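A.B. asks: Read off the chains here:
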Amino acid sequence: MNSFPTSSLWQLTSVRFRLFLREPEAIFWTFAFPILLAMGLGIAFRNRPADVLQVGATTPQLTQSLAADKGLTAVTIDEPEGTHALATGRILLLAIQEPGGVVYKYDDTNPDARAARLLADRAIQSAAGRQDAVRATNALVHETGSRYIDFVVPGLLGMNLMGSAMWGLCFSIVEARQKKLLKRMVASPMPRWQYLMSFLLARLAMLVLEVIVFLGFARLAFGVPFRGSLLELGFLCVLTSLSFSALGLLTASRAKTTEAASGLMNLVMLPMWILSGIFFSATRFPVAIQPLVRALPLTAAIDALRGNMLQGMNLGQLAAPVGILTAWLAVSFAASLRIFRWR
Amino acid sequence: MKNGTNRDAALSLRGLRKAYADVLAVDGLDLEVVRGECFGLLGPNGAGKTTTIEICEGLTTADAGEVELLGLCWGADANALRQRIGIQLQETQFPDKLTVEETLRLFRSFYHRGIAVDESIRIAQLEEKHSGRVGGLSGGQKQRLAMACALVGDPELLFLDEPTTGLDPQARRHLWDLVDELKRAGRTIILTTHYMDEAERLCDRVAIMDRGRIIAQGTPKALIASTGGDHIVEFAIAGQESAWVDAALLTALSGVQSHRVDAGLHQLAVSELHTSVPRIFAALEEQGLQLSEFRTHSATLEDVFVGLTGRTLRDE
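These protein sequence lines are chains A and B, in that order. Per our numbering, the very first residue in the first sequence carries number 12; after that it's consecutive. Per our numbering, the very first residue in the second sequence carries number 23; after that it's consecutive.
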């Protein structure tokens, strides 16, 4: 019967791939955007020498004591002007000389201000002659794997896998439906499963490029660590991409116009952009909504990617997120096949 | 195969019925198309042509009635049927960023047997656009690409749904030539159109549809002859009520078959212009009537439709 290059599955897949490569916007969002985002975040959150904190004091003596600490720079300032400087963020703490001692004025919800409070008190107390009860020295560590960029790269990878799978499937299918191309395909003897399968195959082919380009960049530019098995990392990327492809298929299964599809897709993805811990840990959300946060496919994907890359966990240790992703894959795929509108 | 089925039938419909939420789109339709003929479904927009053809194509299921194509039914033999029919739908938009050749190669891959991609490009006269993107084609070229996609599987039965709607006159004639070539190759073609001239030009037989039913069926020639004359004389009277014209006097003239009046315009079906026209002039003069308009044309399927429904095709 059909030889490989003339088989319909191959033709459908290569058409998908070609259409993707001929769409400059798609290339940008898939390849350039995550790299630009990683670069921006890498620069913004790069590890700098510990910040020197700006403080103020109402008398020159206090200023002198404060300036003796390497972690502080101090200015002499009167109280009304100092309060204004506090409010506008020019200084983090104002030390006020009062008859009975020193008053520290600062915002205790600001971590830098709390640090300034500790340093300022230590400087003033030791200038006044306090001796340390226990002798202490510091040993400083700047380890890769504990930096913000290490944390955020698996998050961005998960976000990108979600975006490219959802857009790649949902938008193309709804566009074909809107332009009556889907109806025309169904009117031909094309096997319907091959049409859907061609999207998954093209997705997997692009996934290889996408993941290698992004992680290669993260490795070369920032030295992001890969502590787990690379093979298992590849498996996690494929599983993530397939789960979101199934979710994209479900989103695309009824929509008649690309406008409706875009709205639906944002509705599906927005909660995950916020809740799934791309840029900060998802554990920061209240305990009450943690079960929901944990059940989201992107949370599971990012947890698994971080577990593999940063903690070197194997698939056995990642059974929970892998299970959640597999469940999303199975349920979305089954549901979309049931309700899919072929015309 | 059931008793009474014509073995030469490429398509046979019996008692076809289809209702949408608020309209009865197809209302008890019987039709038989013989192998090798070019059959036209005619009617105004909304007559039920597209619903009928989509039921034939297996894209819509009928509420009631039987559909048989090439001796097969959609229920049992859908896959085999799809291999043997070619379909061109209204308003399919192929991906702009594929080339003509890539699009056809894709569609060719769906069929077990068929013609070479280059052959389909030659038939559709798209050779110079062979490697051009679909997005750069004109309306007529896009329609010929749709036609080529319907042809790559070398179909025995070809469905064309309003193939020339929206095309300029030159692109229409170009497409007609293409259909002529397909007819010569012996394919069975079923097409829908709301252009009566297109049906007269292309079809061996036509069925005129109105409001979900077939109101007349036959060769274009026989249908036109059924209006009673080969020619139509149209005239209007200057500054007078149309009721002043004595219609009985006109139809009594030898050679005049019928008379009808629509918005002040009188229409007479006549068999021979050169003998009837002088008599009509004389009769009008006798009644002391002044003409403000007078013209004649050969009777068309349009006149058949008007005669049957009292409406013109563009009324909708």
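Each hint should be verified, as a subset may be incorrect.
[Claimed, not checked] Here chain A is said to cover these stretches of chain B; the calculated rule only asks that three of the stretch's residues, wherever they fall, bring their Cβ under 8 Å from a Cβ of chain A:
1. 46 to 58
2. 308 to 321
[Unchecked claim] Only pairs whose alpha carbons sit at most 25 Å apart, straight line, appear in this in silico SDA-like list of lysine to any residue:
3. K190(A) x L189(B)
4. K194(A) x S320(B)
5. K194(A) x W96(B)
6. K267(A) x Q115(B)
7. K267(A) x A41(B)
[What the hints assert, rightly or not] Over the 12 Å line for every Cβ pair with chain A, so calculated as not near, a few chain B residues:
8. A102
9. K205
10. K243
What the hints contain is simulated information worked out from the structure, not anything from laboratory work. Since this is a predicted model, take the numbers as computed values, not measurements. Cβ atoms here follow ideal geometry from the backbone N, Cα and C, with glycine treated the same way.
A.B. asks: It remains to establish, for every hint, whether it holds in the given structure.
C.D. replies: Hints versus structure:
Closer than 8 Å: that is the beta-carbon criterion, and the stretch 46 to 58 of chain B has 0 residues meeting it against chain A, so the requirement of 3 is violated. Proximity of the stretch 308 to 321 of chain B to chain A, defined as three or more residues with a beta carbon under 8 Å from a beta carbon of that chain, is not established by the 0 residues found. Between K190(A) and L189(B) the CA atoms are separated by roughly 19 Å; this keeps the pair inside 25 Å, and the hint holds. Taking the CA atoms of K194(A) and S320(B), the gap is about 41 Å. The hint is violated against a cut of 25 Å.
About 17 Å separates the Cα atoms of K194(A) and W96(B), which keeps this hinted pair within 25 Å; it holds. Between K267(A) and Q115(B), the direct Cα distance comes to roughly 15 Å. Compliance with the 25 Å bound is thereby established for this hinted pair. A threshold of 25 Å between alpha carbons decides the hint, and for K267(A) with A41(B) the separation of about 22 Å falls inside it, so the pair holds. With 12 Å as the threshold on Cβ separation, the claim that A102(B) sits away from chain A is violated: the shortest Cβ distance comes to roughly 9 Å.
For K205(B), the non-interface assignment is confirmed: its Cβ lies about 22 Å from the closest Cβ of chain A, beyond the 12 Å cut-off. With a least CB separation of 33 Å from chain A, K243(B) remains clear of the 12 Å interface cut-off, as annotated.
The earlier numbered hints that this structure contradicts are 1, 2, 4, 8.
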